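**Student:** Chain residues, written in single-letter form:
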Amino acid sequence: MKNINRTLPLKAPKRIGVFGNDAGDLTNGMSYLYFNQVGKYEYGVMATGGGSGSGIFTYVVNPLDAIKQRADFKKTLVQYVLNNTAIVEKDSP
Amino acid sequence: MFLKSWSTEAEDRTTLHTDWQGDSVVQKVASICPNTVVVVHSSGVNVMPWVENPNVTAVLAAHLPGQEAGNSLVDVLWGDINPSGHLPYTIAKKESDYDFAPITPESAELENTEDSMAWQSDFKEGVLIDYSEL
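One line per chain: the protein sequences are A and B, in this order. Throughout the first sequence, residue numbering follows the working numbering, covering 1 to 93 in sequence. Throughout the second sequence, residue numbering follows the working numbering, covering 1001 to 1134 in sequence.
Heads up, a few of these hints could be off.
[Unchecked claim] Which chain A residues face chain B? A few, computed with CB under 7 Å, are given here: (1) ILE4; (2) ARG15; (3) PHE19; (4) LYS40; (5) TYR43; (6) VAL45; (7) VAL60; (8) ASN62.
[Said to hold, decoys possible] The list that follows gives simulated cross-link-like pairs (lysine-lysine, PhoX-like), each with its CA atoms no further than 20 Å apart: (9) A/LYS14 <-> A/LYS75; (10) A/LYS2 <-> B/LYS1093; (11) A/LYS74 <-> A/LYS11; (12) A/LYS68 <-> A/LYS2; (13) A/LYS75 <-> A/LYS2; (14) B/LYS1094 <-> A/LYS2.
What the hints contain is simulated information worked out from the structure, not anything from laboratory work. As the structure is a computational prediction, the values presented were derived from the model and not from experiment. Glycine included, C-beta positions come from ideal geometry on N, C-alpha and C.
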């Protein structure tokens, strides 16, 4: 929806910072089915919505894993903070 | 920078903002990173008060990508595929841009409720929810 200064596509960035609880793996099981009346999980990429549109994944490739795999580890440093509360409340270099 | 917005059948969302303090997280990350790429996973409509921030240099609407979420995203980020498509709805900058689709009845109490069953929308706007309605 927005792309200025030719930010994307990435060529060979030296450093990639990945932020947000939507970037990493699911922690409550491979689906968005309700657990303790809660469908809204804090951690995990939101790959489907809830209700009839949801399902149990056989696998989910989360963005953080895909970025780690795609970034050439000898040239690109991938660093990440997945906890939104930690990002908002304290500084992390 | 990954944001998400949970939605499901049988209940309405209570806000058009992204979940888990997403807006604050973007502000914080953008204040440190001059090239912030924001990816949003949601059913589509969200308000993005940070979209004009000059450090937010790219925004991707990744919707609900399913099991290949990461793989499809890196194909777009690294330029293997050009993201494209036409949205049948509009993603506005602020909530008041959506005034053409009122909830009924309007009241300050309804606007601030957290009860997802409290609203009634008569959908008087029909399918006219794209950019030409703003």
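**Student:** Flag every earlier hint the structure violates by its number, smallest first.
**Tutor:** Those not satisfied are hints 2, 5, 12, 13.
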